[in-house]
Amino acid sequence: MTATDHALELVAVAAQAAHDKKADQVLAFDVSEQIAITDAFVLASANNERAVGAIVDEVEDKLREAGAKPIRREGHKEGRWVLLDYGEIVVHVQHEEERMFYALERLWSDCPVIPLALT
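The numbering of the sequence shown is the working numbering, which starts it at 883 and goes up by one.
Each hint should be verified, as a subset may be incorrect.
Below are the DSBU-like pairs computed for lysine-lysine, each with C-alpha atoms no more than 35 Å apart in a straight line [said to hold, decoys possible]:
1) Lys959 with Lys944
2) Lys959 with Lys904
3) Lys944 with Lys903
4) Lys951 with Lys904
5) Lys944 with Lys904
6) Lys903 with Lys959
Simulated restraints, written as ranges between beta carbons of each label pair [claimed, not checked]:
7) Glu979 with His888: 31 to 37 Å
8) Thr1001 with Arg962: 25 to 31 Å
9) Pro994 with Asn930: 28 to 34 Å
10) Ala999 with Glu978: 32 to 38 Å
11) Asp943 with Pro994: 17 to 23 Å
12) Arg955 with Glu978: 19 to 25 Å
13) Leu989 with Gly949: 19 to 25 Å
None of these hints come from the bench; they were simulated from the model. Ideal Cβ placement from N, Cα and C applies to all residues, glycine included.
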């Protein structure tokens, strides 16, 4: 089983939105083989809380324009690690310190990386 085409479209939208707001290290993983409740993770980071918030706002705006509605949003108030759950995809926007500490890339390294064509 692999991520659905719709999930891959949402990944592309979220990743591009994060990239447009100058997110660092934008990556996506197909976690559909490992987790039954979602198809993909998008990871992005920034070096301060304000930038994390700007990235989150842009991702939410672009996914809303694409017709996606979040099921859950966590961590926005603190601005260190924001999780946006859209069902098919989950977007993690982290402060770079949290990104290094929690090392989600290492945790999900056995999952296929989804290629991103960021412009």
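Each hint, compared with the structure:
1. A hinted pair counts as satisfied when its Cα atoms are at most 35 Å apart, and Lys959 with Lys944 qualifies at roughly 20 Å.
2. This hinted pair checks out: Lys959 and Lys904 have alpha carbons roughly 20 Å apart, not beyond 35 Å.
3. This hinted pair checks out: Lys944 and Lys903 have alpha carbons roughly 12 Å apart, not beyond 35 Å.
4. Proposed proximity of Lys951 and Lys904 is supported: the alpha carbons are some 23 Å apart, at most 35 Å.
5. Between Lys944 and Lys904, the direct Cα distance comes to roughly 15 Å. Compliance with the 35 Å bound is thereby established for this hinted pair.
6. Note on Lys903 and Lys959: the hinted pairing holds, with a Cα-Cα distance of about 19 Å set against a maximum of 35 Å.
7. Remark: the range hint 31 to 37 Å for Glu979 to His888 is upheld by a beta-carbon distance near 33 Å.
8. Here the CB-CB span from Thr1001 to Arg962 is close to 28 Å, well matched to the stated 25 to 31 Å.
9. A hinted range of 28 to 34 Å for the beta carbons of Pro994 and Asn930 is consistent with their spacing of about 31 Å.
10. Between Ala999 and Glu978 the CB atoms are about 24 Å apart, so this pair departs from the stated range of 32 to 38 Å.
11. At roughly 28 Å, the beta-carbon separation of Asp943 and Pro994 lies outside the given 17 to 23 Å, and the hint is violated.
12. Judged by the Cβ atoms, the range 19 to 25 Å given for Arg955 and Glu978 holds: they are separated by roughly 21 Å.
13. Between Leu989 and Gly949 the beta carbons are some 30 Å apart, a value that contradicts the proposed interval 19 to 25 Å.
Comparing the model with each earlier hint shows violations of hints 10, 11, 13; every other hint is respected.
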